[in-house]
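**Student:** This is what each chain is made of:
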Amino acid sequence: MESLSEDLGEDFDYAELAERLQHYQAHPIDLNKTNTDELLALRFLSPFQAEQIISHREISGNFVSIYELQAVEGLDLNSIRFLTPFVQVSSSNQLEVKNLKQLVKKGKQELMFRYGRVLEQQRGYAIADSGRSRYLGSPDRLFLRYRYRYGQKLKLAINMKKDAGEQFFSGAQTYGFDFYSASMEITDQHHWKRIIIGDYSLQFGQGLGLWTGLSFGKGAFIQNIARQGVGLRQYTSANEFSFFRGVAASYERKAFSFTPFVSYKRLTATLQDDTLNQYSAISQSGLHRTPSEVLHKDKLGELLYGVNLAYRKPRFHIGLTAYQYRLSGEFVPRSLLYNQFSFQGQSLDNISAYYHYSLKNVYAFGEIAHNIDRGFAFLNGLVFPVSSQWSVALLYRNYQKTYDTFYSQAFAEGSTVTNENGFYSGLIFQPNRRLQWVAYVDYFRFPWLKYRVDAPSSGYDLFTQLSFVPNKRLNFTARYRYRKKEENGTVDVVNLLVPFTRQQARLSMQYALTDWLNLRSRFEYGRYRKEEQNESAYLFYQDFIGKPTKSKWSGNLRLAFFRTGGYNSRIYAFEQDVLYAYSFPFYSENGWRYYLNLRYTLAKGIDLWGRYAAFFYTNQDQVGSALDLIEGHQKSEVKLQVRFQF
Amino acid sequence: MFRYLILLFLYLNSHAQTNPVASFSAMGNTGTALQGIGSLTSNPAGLSSLKTAQVGSYYQSSFLNNDIRTIGAVLALPTALGVFGVQFSNYGVSRLYADIKASLVFSRSFGSKLAVGTAFNYHQLQINRYGTSKAYSVDLGVQYMFTPQWIIGAHVANFGNASYDETAQAIIPVYCRLGTSYRVHDRLLFSADAEQLFYGQHVDFRTGIEYGISRQFYFRGGLAFHEIKQFFGFGLQIKGLSCDFATMVHPRLGLSPQLFVAYAF
Chain D
1 MESLSEDLGE
11 DFDYAELAER
21 LQHYQAHPID
31 LNKTNTDELL
41 ALRFLSPFQA
51 EQIISHREIS
61 GNFVSIYELQ
71 AVEGLDLNSI
81 RFLTPFVQVS
91 SSNQLEVKNL
101 KQLVKKGKQE
111 LMFRYGRVLE
121 QQRGYAIADS
131 GRSRYLGSPD
141 RLFLRYRYRY
151 GQKLKLAINM
161 KKDAGEQFFS
171 GAQTYGFDFY
181 SASMEITDQH
191 HWKRIIIGDY
201 SLQFGQGLGL
211 WTGLSFGKGA
221 FIQNIARQGV
231 GLRQYTSANE
241 FSFFRGVAAS
251 YERKAFSFTP
261 FVSYKRLTAT
271 LQDDTLNQYS
281 AISQSGLHRT
291 PSEVLHKDKL
301 GELLYGVNLA
311 YRKPRFHIGL
321 TAYQYRLSGE
331 FVPRSLLYNQ
341 FSFQGQSLDN
351 ISAYYHYSLK
361 NVYAFGEIAH
371 NIDRGFAFLN
381 GLVFPVSSQW
391 SVALLYRNYQ
401 KTYDTFYSQA
411 FAEGSTVTNE
421 NGFYSGLIFQ
431 PNRRLQWVAY
441 VDYFRFPWLK
451 YRVDAPSSGY
461 DLFTQLSFVP
471 NKRLNFTARY
481 RYRKKEENGT
491 VDVVNLLVPF
501 TRQQARLSMQ
511 YALTDWLNLR
521 SRFEYGRYRK
531 EEQNESAYLF
541 YQDFIGKPTK
551 SKWSGNLRLA
561 FFRTGGYNSR
571 IYAFEQDVLY
581 AYSFPFYSEN
591 GWRYYLNLRY
601 TLAKGIDLWG
611 RYAAFFYTNQ
621 DQVGSALDLI
631 EGHQKSEVKL
641 QVRFQF
Chain L
647 MFRYLILLFL
657 YLNSHAQTNP
667 VASFSAMGNT
677 GTALQGIGSL
687 TSNPAGLSSL
697 KTAQVGSYYQ
707 SSFLNNDIRT
717 IGAVLALPTA
727 LGVFGVQFSN
737 YGVSRLYADI
747 KASLVFSRSF
757 GSKLAVGTAF
767 NYHQLQINRY
777 GTSKAYSVDL
787 GVQYMFTPQW
797 IIGAHVANFG
807 NASYDETAQA
817 IIPVYCRLGT
827 SYRVHDRLLF
837 SADAEQLFYG
847 QHVDFRTGIE
857 YGISRQFYFR
867 GGLAFHEIKQ
877 FFGFGLQIKG
887 LSCDFATMVH
897 PRLGLSPQLF
907 VAYAF
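Sequence lines, in order, name chains D and L. Numbering-wise, the first sequence is residues 1 to 646 according to my numbering. Numbering-wise, the second sequence is residues 647 to 911 according to my numbering.
The set of hints was computed from the structure by calculation and includes no laboratory data. Incorrect hints may appear among the rest.
Claimed, not checked - Derived EDC-like pairs: lysine to aspartate or glutamate, alpha-carbon spacing no greater than 16 Å straight-line:
1. Lys485(D) with Glu873(L)
2. Lys875(L) with Asp515(D)
3. Lys547(D) with Asp515(D)
Unchecked claim - If you want the ones that stay clear, here's a sample from chain D, every Cβ over 12 Å from chain L, calculated:
4. Val89
5. Leu111
6. Arg149
7. Thr187
8. Leu287
9. Asn339
10. Ser388
11. Ser415
12. Val441
13. Val453
14. Ser458
15. Val493
16. Trp516
17. Ser536
18. Tyr541
Glycine included, C-beta positions come from ideal geometry on N, C-alpha and C.
Make the full structure from the sequences, and use the hints.
**Tutor:** Printed below as a string of structure tokens:
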């Protein structure tokens, strides 16, 4: 989980990934029955690796044990180590059927409740003056999660969430929680592979046309530049924007599949003009804490409906997606030059076509998408071995400035699929299973202006990583990243672009000291330069991860020390959290960070979690800014969680 | 417009003749540790491995501009003494500006590991209605083969710091290059160069890869890091005839396509 998330970036919703991995840990994938789609759902395998596993099975017959994975070409030790907790090999098919029957008899349920809050008083809660912006609710965070599973056929998911600062059973949240999500999934009914009523997510092709939820970009997993949309999935995460609400189904017959979908939900949007019914901004944060956030809640209706058609063979896959997007009001972004080509209006029609094809070891993939009457976006890539030890990955993308959608997530330097073209080339060197070296270069251009970039701009991103796994207990990685981009310089009469660079160097080590205690250390150095600014930063942390085999207790602890030159040279680091939760804070200024997570199994089916985490700053009397400001030099947080399985 | 073109020239002049032929250029303008007829346009020591006589001709356009171009020819002749080579190139704008270089190259190997090469160059700068300037320079190069697959090379161009007379606003670049190449198998080759210009401040690192999907057809790619530039190309090899295409992609100025055709007797 950690290795994956480091590559996803800071504003990513990890809960979905956490839940999915948790699910596969409890219900491992059967290597003898699985397909590439299911393996790819794990996210850390590349499409190439997934296909190697399947083709190994086709050639050598069923897997006898999971250790046979070591014989699969293209799987390194790290990938195998990631994979083993989530896969199994069933001893015989008959037993499987018996088990399945037993499973079907029992519906499994799970109820989980989480509470969390920041302990120090934040400014937004202390303001009493109703004329000023302030947090209306309490700083408590509440999360309730319910799951019901009837074999593999029926799944029910309910999430309820209250963010810090939101009201509870009062104000705008008269129904209690601020966010409710529910869905029911029925699978394998004749040719209906999957039917979902409620909240769902859609991922097709390379993500140019339609993609919500989890996605990967650039990072150490070079082969992950090739994506494979998993299509329709039940939505079980707590992100309040990136999902659909309604009905969707997937009908499969032989190699064809047909997936119609319809969704309606209400968005948080800023009303610009009442009489013209115009909205200037759509919020994706899901936060409704202040009077103005509450005012904009559920203001704009959003209808989306469409269909996906796909044709799938083991080595070949093509698909076509078409959808219409309708808003109940007109979306008119603020009239700034960088918004000139952004989506504007009340409706949007989108079509996209995608493919992937693997021949021998060459994996080709791509997608083209079009906003009707507006722009195009396309992407093509290749991943192929050039020798038994070397592989090359290439990707070219071109997203026109007039291509703009709300639900696209594709390979890009920017956060959206618009106004960008670039060429990515990566290299993987794997002389043996213990050693891997990867490097990539991505050169990109933004043909039109962007936020705080008042001219067309360009930049590049260089990355290299060496990882070494001398034995099963030890793991070393060293990485270096250099990024250069352009943005507005010091404000003058005219904003001129100036280059800025970010450098990142990291050494990390993981060591299994005993069967139950893992140690993880990291040192990271960062540097930011822009005009006269020159900030450098470093972070060191030590993790202790304990999991005594027979004990009811398990837990982990981090001690971190950091020193940064300011906000620009901040360092992000992934943190362990209570089950299904995630934490990916940035370390900025000077100070210490520590956290402790504990898990206690009270009885079979009842688990408790607790977390205490704190930042302690040595050079600051205030922490945070605006409404989150804390007087003092510490910010600490607790979480408590209980789960019942029955 | 013409004024800008001249400005462009002056800026580019220091780089102009340092582009090797397309087969090397596609690999990120590397070549210090590469071998073959293309060495006549990079490290002369790389010529020593040649077994048969070869002749070739090339064309390089600057930034898709038909007016500014380099045309050149190369010839190499292995003898019992070593390999002799001749190179001729003309960079500039037809009938207006010509930076001509003619070189006589000699390269030979000492034992199976070491190769040394030297080039004697005649330079002539000719600007229409302004006159002509001449100069002579010498290049030295060396290559060492740790294994048949792994080569390192060093190359100094114009180490005597020869120059045109002062009235000509053009220089003959002085630079030092260190490079290495590694042949993973007969269709996969990596190379890397570091270059320091005598008047430059930065070391430019470059790297390239060549991959043949068969023995006849090769893909190449490369990268220069100081002022990042990408390079692409492919090559076709049919019996003695080789045809290589390459282009440099400059972030602002765009494409510079090149072509190199050679024949081995």
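**Student:** Confirm or reject each hint.
**Tutor:** Quick rundown of the hints versus the structure:
For the proposed pair Lys485(D) and Glu873(L), the alpha carbon gap of about 13 Å is at most 16 Å, so the pair holds. A C-alpha spacing of about 50 Å is found between Lys875(L) and Asp515(D), which places the hinted pair above 16 Å, so the restraint is violated. Distance hint between Lys547(D) and Asp515(D) is fulfilled; the C-alpha atoms sit about 8 Å from each other, no more than 16 Å. Distance to chain L confirms Val89(D) as a non-interface residue, since its nearest Cβ pair spans about 35 Å, more than 12 Å.
The Cβ of Leu111(D) lies farther than 12 Å from every Cβ of chain L, with a closest approach of about 54 Å, so its non-interface assignment holds. Every CB of chain L lies more than 12 Å from the CB of Arg149(D), the least distance being 49 Å, so the non-interface label holds. With a minimum CB-CB distance of about 43 Å to chain L, Thr187(D) clears the 12 Å threshold, and the non-interface call stands. No Cβ of chain L approaches the Cβ of Leu287(D) within 12 Å, the least distance being about 39 Å, so the stated non-interface status holds.
No Cβ of chain L comes within 12 Å of the Cβ of Asn339(D); the nearest lies about 26 Å off, and the non-interface call holds. Look at Ser388(D): its CB is around 9 Å from the nearest CB on chain L, not clear of 12 Å, so calling it non-interface is violated. At roughly 22 Å from the closest C-beta of chain L, the C-beta of Ser415(D) stays outside 12 Å, upholding its exclusion from the interface. Annotated as non-interface, Val441(D) brings its C-beta within 12 Å of a C-beta of chain L; the closest such distance is 6 Å.
Listed as a non-interface residue, Val453(D) keeps its Cβ farther than 12 Å from every Cβ of chain L; the least gap is roughly 16 Å. Distance to chain L contradicts Ser458(D) as a non-interface residue, since its nearest Cβ pair spans about 6 Å, not more than 12 Å. Separation of Val493(D) from chain L is adequate, the least Cβ-Cβ distance of about 25 Å exceeding the 12 Å criterion. Every C-beta of chain L lies more than 12 Å from that of Trp516(D), the closest at about 43 Å, which supports listing it as non-interface.
Distance to chain L confirms Ser536(D) as a non-interface residue, since its nearest Cβ pair spans about 21 Å, more than 12 Å. Every CB of chain L is more than 12 Å from the CB of Tyr541(D) (nearest about 31 Å), matching its label as outside the interface.
The structure fails hints 2, 10, 12 and 14 (numbered hints given earlier, in ascending order).
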